[in-house]
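Chemist: Let's have the full structure, built from the sequences with the hints guiding it.
Sequences listed follow chains Y and S, in order. Under the UniProt record's numbering, think of the first position of the first sequence as 1, with each following residue one higher. Under the UniProt record's numbering, think of the first position of the second sequence as 1, with each following residue one higher.
No lab work stands behind these hints, which were simulated from the structure alone. Don't take every hint at face value.
[Unchecked claim] List time: in silico DSS-like cross-link candidates among lysine-lysine, alpha-carbon distance up to 30 Å:
{"hint": "1", "chain 1": "Y", "residue 1": "Lys15", "chain 2": "Y", "residue 2": "Lys217"}
{"hint": "2", "chain 1": "Y", "residue 1": "Lys15", "chain 2": "S", "residue 2": "Lys111"}
{"hint": "3", "chain 1": "S", "residue 1": "Lys74", "chain 2": "Y", "residue 2": "Lys13"}
{"hint": "4", "chain 1": "S", "residue 1": "Lys74", "chain 2": "S", "residue 2": "Lys143"}
{"hint": "5", "chain 1": "Y", "residue 1": "Lys219", "chain 2": "S", "residue 2": "Lys11"}
{"hint": "6", "chain 1": "S", "residue 1": "Lys11", "chain 2": "Y", "residue 2": "Lys6"}
{"hint": "7", "chain 1": "Y", "residue 1": "Lys128", "chain 2": "Y", "residue 2": "Lys79"}
{"hint": "8", "chain 1": "Y", "residue 1": "Lys13", "chain 2": "S", "residue 2": "Lys155"}
{"hint": "9", "chain 1": "Y", "residue 1": "Lys13", "chain 2": "S", "residue 2": "Lys143"}
{"hint": "10", "chain 1": "Y", "residue 1": "Lys128", "chain 2": "Y", "residue 2": "Lys169"}
{"hint": "11", "chain 1": "S", "residue 1": "Lys61", "chain 2": "S", "residue 2": "Lys129"}
{"hint": "12", "chain 1": "S", "residue 1": "Lys74", "chain 2": "Y", "residue 2": "Lys217"}
{"hint": "13", "chain 1": "S", "residue 1": "Lys129", "chain 2": "S", "residue 2": "Lys143"}
{"hint": "14", "chain 1": "S", "residue 1": "Lys11", "chain 2": "Y", "residue 2": "Lys217"}
{"hint": "15", "chain 1": "S", "residue 1": "Lys147", "chain 2": "Y", "residue 2": "Lys6"}
{"hint": "16", "chain 1": "S", "residue 1": "Lys147", "chain 2": "S", "residue 2": "Lys61"}
{"hint": "17", "chain 1": "S", "residue 1": "Lys61", "chain 2": "S", "residue 2": "Lys109"}
{"hint": "18", "chain 1": "Y", "residue 1": "Lys13", "chain 2": "S", "residue 2": "Lys61"}
{"hint": "19", "chain 1": "S", "residue 1": "Lys74", "chain 2": "Y", "residue 2": "Lys281"}
{"hint": "20", "chain 1": "Y", "residue 1": "Lys219", "chain 2": "S", "residue 2": "Lys74"}
{"hint": "21", "chain 1": "Y", "residue 1": "Lys15", "chain 2": "S", "residue 2": "Lys129"}
{"hint": "22", "chain 1": "S", "residue 1": "Lys109", "chain 2": "S", "residue 2": "Lys155"}
{"hint": "23", "chain 1": "Y", "residue 1": "Lys198", "chain 2": "Y", "residue 2": "Lys79"}
{"hint": "24", "chain 1": "Y", "residue 1": "Lys169", "chain 2": "Y", "residue 2": "Lys111"}
{"hint": "25", "chain 1": "Y", "residue 1": "Lys15", "chain 2": "S", "residue 2": "Lys74"}
{"hint": "26", "chain 1": "S", "residue 1": "Lys61", "chain 2": "S", "residue 2": "Lys141"}
{"hint": "27", "chain 1": "S", "residue 1": "Lys111", "chain 2": "S", "residue 2": "Lys74"}
{"hint": "28", "chain 1": "S", "residue 1": "Lys141", "chain 2": "Y", "residue 2": "Lys6"}
{"hint": "29", "chain 1": "Y", "residue 1": "Lys6", "chain 2": "S", "residue 2": "Lys155"}
{"hint": "30", "chain 1": "S", "residue 1": "Lys111", "chain 2": "S", "residue 2": "Lys129"}
{"hint": "31", "chain 1": "S", "residue 1": "Lys155", "chain 2": "S", "residue 2": "Lys143"}
[Stated by the list, open to error] For each label pair, taking beta carbons as the anchor points, the in silico distance ranges come out as:
{"hint": "32", "chain 1": "Y", "residue 1": "Leu237", "chain 2": "S", "residue 2": "Lys129", "range": "50 to 58 Å"}
{"hint": "33", "chain 1": "Y", "residue 1": "Glu187", "chain 2": "S", "residue 2": "Lys74", "range": "54 to 62 Å"}
{"hint": "34", "chain 1": "Y", "residue 1": "Leu203", "chain 2": "S", "residue 2": "Ser113", "range": "47 to 55 Å"}
{"hint": "35", "chain 1": "S", "residue 1": "Ala57", "chain 2": "Y", "residue 2": "Asp18", "range": "24 to 32 Å"}
{"hint": "36", "chain 1": "S", "residue 1": "Lys111", "chain 2": "Y", "residue 2": "Leu203", "range": "47 to 55 Å"}
Virtual Cβ for every residue (Gly too), placed ideally from N, Cα, C.
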Amino acid sequence: MMNEEKLFEQMRKLKQTDTEQNTSIQAITDATTRPIRNWVVSIIGTASIIAICLLTFYLVTLESNTPVTSSSENQTINKVYYFTNGNRDEHTFFEKWSPLYLHVGVVNDPKMLEQFQSFLQDMILRSKDDYYNSWYGNDFSAMDILIMYDDGSERRLKELSSSFFLDMKTDELFYIPSDNWLDFSREFFKNPNAAWGKIIGILLLFFAPFSMTLWFKRKFPIIKYREWSLNWTHHLLNYLAIVTILVGFSYWESNYGTFHIVVYTTIWLVYGACQVAYRLKKGEHMRSIQLTIINHIIGTVALVLCVF
Amino acid sequence: MNDYEIANIYKQFSPSIFRYMTYLVQHRQVAEDLTQEVFIRFVRTGDVHRTPVEIQAWLRKTARNIAFDYLRRKRLFEFIPFIPIHEKLVEHPFFELEEVRGLYIALGKLKPSYREVIIWRKIEELSIKETAEILSWNEEKVKNTLKRAIQALRKEMGGVHDE
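Modeler: Printed below as a string of structure tokens:
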């Protein structure tokens, strides 16, 4: 049996191998003396950050012009704005700056506007008592509509239920009797930016985190290989999570109607927080944890764009 | 400081820093990371005109700061209920010796101040004065703490070894 001194002597023999030493020296050299040489990676990373800022700005400030208050029914429709607010409180009408609105869209297509105009001309005035006595008044997520005419005047409508509209200026209630109104309205009031949102969202989702990770790898070589392998594994898991969320979103939308975007984002952020907590628990380098957080923010923006 | 100088300094001074980190944080890969961090800080200070003794003293003090930062951070997040880290002990031939492995595990059970006084005095064989300088203690405190640390270590190991 060895005595303590011998045991301590054995422990004194612990050292890094030559390969480990050289790897460490390389990492130190990279971290302290070498600038970022891969300009392509650097540019992609920077461009991604700028793109995220611009897209966020776009989402926040989308169509935020203050509407004027006037009304006309004899002019051609120039543009239609619609605001999905997800609640039936009449006082929130056109408060599109309010966080209550899920999204704001604008329709410019002349054919659609023409068709919409003909629907409006067919509107039948109804008494409010009739409306409230009917079965329509309940359980409906309303949409607010702002119609801009060529002469600059406007009309504000609130969709109280399918085919029932309240003119916010005159306080009159109208009914659109056309049989195909519901089909038309679904097409008419869809988010015109949805396709672009999905394309940009998916591109961002696939390329931005990769670019960011590569940029970090160049900038902070101190992060160890085992952490990089975890990074790439997390990329794969992130894509699976996103696909699951998007499939869940499609299923829910097709079967049960609109579900709030906040729920998807919350699921994603909670998942991200779990990843960060796991990395902290593993005692990973702070730069690696920062990278995870940045990639999750990118993922959040991309997810919102995909679902928006 | 050029690549050659960095390599020289690392090869000359890293072994004791690496051992200190490994025995203090009880995780070889983390110890490698932290050792690198010590040298990155050293290179970034840009001061290459110090004597080897001064360099060594600076590295040891910095290593201590970095290690304790890590231990504080680790303790802060220990409450998170995730998979625990399983340290692989057989990373070096001497860990195959049962008694050495026992000492390593026992060392890990001591409080950090006991761990580091044993590392510097017993494993690295520094003098009481040198140890006192690194730890910013007086020499009397080094002596007393070492005595208590050795007693605690023996207790953890089952009290079978004599000095």
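Chemist: Going through the earlier hints one by one, which of them does the structure break, listed in rising order?
Modeler: none
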